[in-house]
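Novice: The listed protein sequences derive, respectively, from chains A and B. Numbers given in the working numbering equal positions in the first sequence, counted from 1, plus 55. Numbers given in the working numbering equal positions in the second sequence, counted from 1, plus 55.
If you are wondering where the hints come from, they were derived from the structure by calculation, not from laboratory data. Each hint should be verified, as a subset may be incorrect.
[Unchecked claim] Capping the alpha-carbon separation at 20 angstroms, the derived lysine to any residue pairs in SDA-like fashion look like this:
(1) A/K163 with A/S99
(2) A/K140 with B/E68
(3) B/K140 with B/K80
(4) B/K140 with A/H77
(5) A/K80 with B/V98
(6) A/K80 with B/E68
(7) B/K80 with A/K163
(8) A/K80 with B/D93
There are 2 protein chains.
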Amino acid sequence: MCSSGMADEALFEFLHMEIVSHVYKEQQSGKGEMDNKDRAVCVSVLEGMGFRVGQGLIERLTRDSPSFKDELDIMKFICKDFWTKVFRRQIDNLRTNHQGTYVLQDNKFALLTQLSSGKQYLEQAPKYLAFSCGMVRGALSNIGLDSVVTAEVSVMPSCKFQVVVQKL
Amino acid sequence: MCSSGMADEALFEFLHMEIVSHVYKEQQSGKGEMDNKDRAVCVSVLEGMGFRVGQGLIERLTRDSPSFKDELDIMKFICKDFWTKVFRRQIDNLRTNHQGTYVLQDNKFALLTQLSSGKQYLEQAPKYLAFSCGMVRGALSNIGLDSVVTAEVSVMPSCKFQVVVQKL
Numbered sequence: 056m057c058s059s060g061m062a063d064e065a066l067f068e069f070l071h072m073e074i075v076s077h078v079y080k081e082q083q084s085g086k087g088e089m090d091n092k093d094r095a096v097c098v099s100v101l102e103g104m105g106f107r108v109g110q111g112l113i114e115r116l117t118r119d120s121p122s123f124k125d126e127l128d129i130m131k132f133i134c135k136d137f138w139t140k141v142f143r144r145q146i147d148n149l150r151t152n153h154q155g156t157y158v159l160q161d162n163k164f165a166l167l168t169q170l171s172s173g174k175q176y177l178e179q180a181p182k183y184l185a186f187s188c189g190m191v192r193g194a195l196s197n198i199g200l201d202s203v204v205t206a207e208v209s210v211m212p213s214c215k216f217q218v219v220v221q222k223l
Numbered sequence: 056m057c058s059s060g061m062a063d064e065a066l067f068e069f070l071h072m073e074i075v076s077h078v079y080k081e082q083q084s085g086k087g088e089m090d091n092k093d094r095a096v097c098v099s100v101l102e103g104m105g106f107r108v109g110q111g112l113i114e115r116l117t118r119d120s121p122s123f124k125d126e127l128d129i130m131k132f133i134c135k136d137f138w139t140k141v142f143r144r145q146i147d148n149l150r151t152n153h154q155g156t157y158v159l160q161d162n163k164f165a166l167l168t169q170l171s172s173g174k175q176y177l178e179q180a181p182k183y184l185a186f187s188c189g190m191v192r193g194a195l196s197n198i199g200l201d202s203v204v205t206a207e208v209s210v211m212p213s214c215k216f217q218v219v220v221q222k223l
């Protein structure tokens, strides 16, 4: 039996929303406003959770996969197989400078589509990207690639993830 | 295209595990051991997150559904459609006293299958049930039923959820 996927997607999105709001609420509790340091703590907590989830997921996904040819081959796997499993769509565009930097563009990023496209939400966007950055970093780490992963939004709900692979 | 569902299931399970461990870690931080009050706070936080996720999910699931005939009809919907969307299987057994109490038995509860079946894990089981209890309560609440939802494990990974509908 093939499930529609709609409510499953929703399950991940709702759960992610709850985590984000919980982590920010707990960091803020008792304080008036959050400062940059508070926000950095939240981003780091969410990134860490994403990292572990990404590690676990890629382990299942690559269990029966042949080994990868090269770094680009790994990145393509992340853009297609990994992204589809998590976000139900492939990355729209992958670019690289062939020196270890990759830009993955998702024109309709699932975790942003629930946010409105107003300017005040654009400012909020980074808090909804930390978990996913961690997830990509965790997945890559499990395949043996250390990386730094960041993300930026210019026009909602489009999102660019930048992966910089750390050479030994 | 029909996805296998394996990694999607895993996504929810891994995310749930991260939430549970985060909530317990933050409550414990700085203390030596957790007391019953600390544990109650954790259960309540997880239950609340589940409640909101359940509300959101049932809203999507019932959007195109005809209205329900009666209370039993609602419970059957939870056991079949709702459970399948969240846990990829139906409830194995539904019992009721026809006075507002329902027992839903899942013989292979997804959020317990990753735990080992040793006795020390049986003691840990309650912390993996709070979120799901909240989710059922949230779903029912959105259909107009106030309820108290508890869960117990006797033999892993089998689990019984008890729903007591609150009459006005």
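Novice: None of the hints should be skipped; say for each whether it holds.
Specialist: Going down the list of hints, with the structure as the test:
{"no.": "1", "hint": "A/K163 with A/S99", "verdict": "violated (24 angstroms)"}
{"no.": "2", "hint": "A/K140 with B/E68", "verdict": "holds (14 angstroms)"}
{"no.": "3", "hint": "B/K140 with B/K80", "verdict": "violated (29 angstroms)"}
{"no.": "4", "hint": "B/K140 with A/H77", "verdict": "violated (24 angstroms)"}
{"no.": "5", "hint": "A/K80 with B/V98", "verdict": "holds (17 angstroms)"}
{"no.": "6", "hint": "A/K80 with B/E68", "verdict": "violated (23 angstroms)"}
{"no.": "7", "hint": "B/K80 with A/K163", "verdict": "violated (34 angstroms)"}
{"no.": "8", "hint": "A/K80 with B/D93", "verdict": "holds (18 angstroms)"}
Hints 1, 3, 4, 6, 7, counting from the list given before, are not met by this structure.
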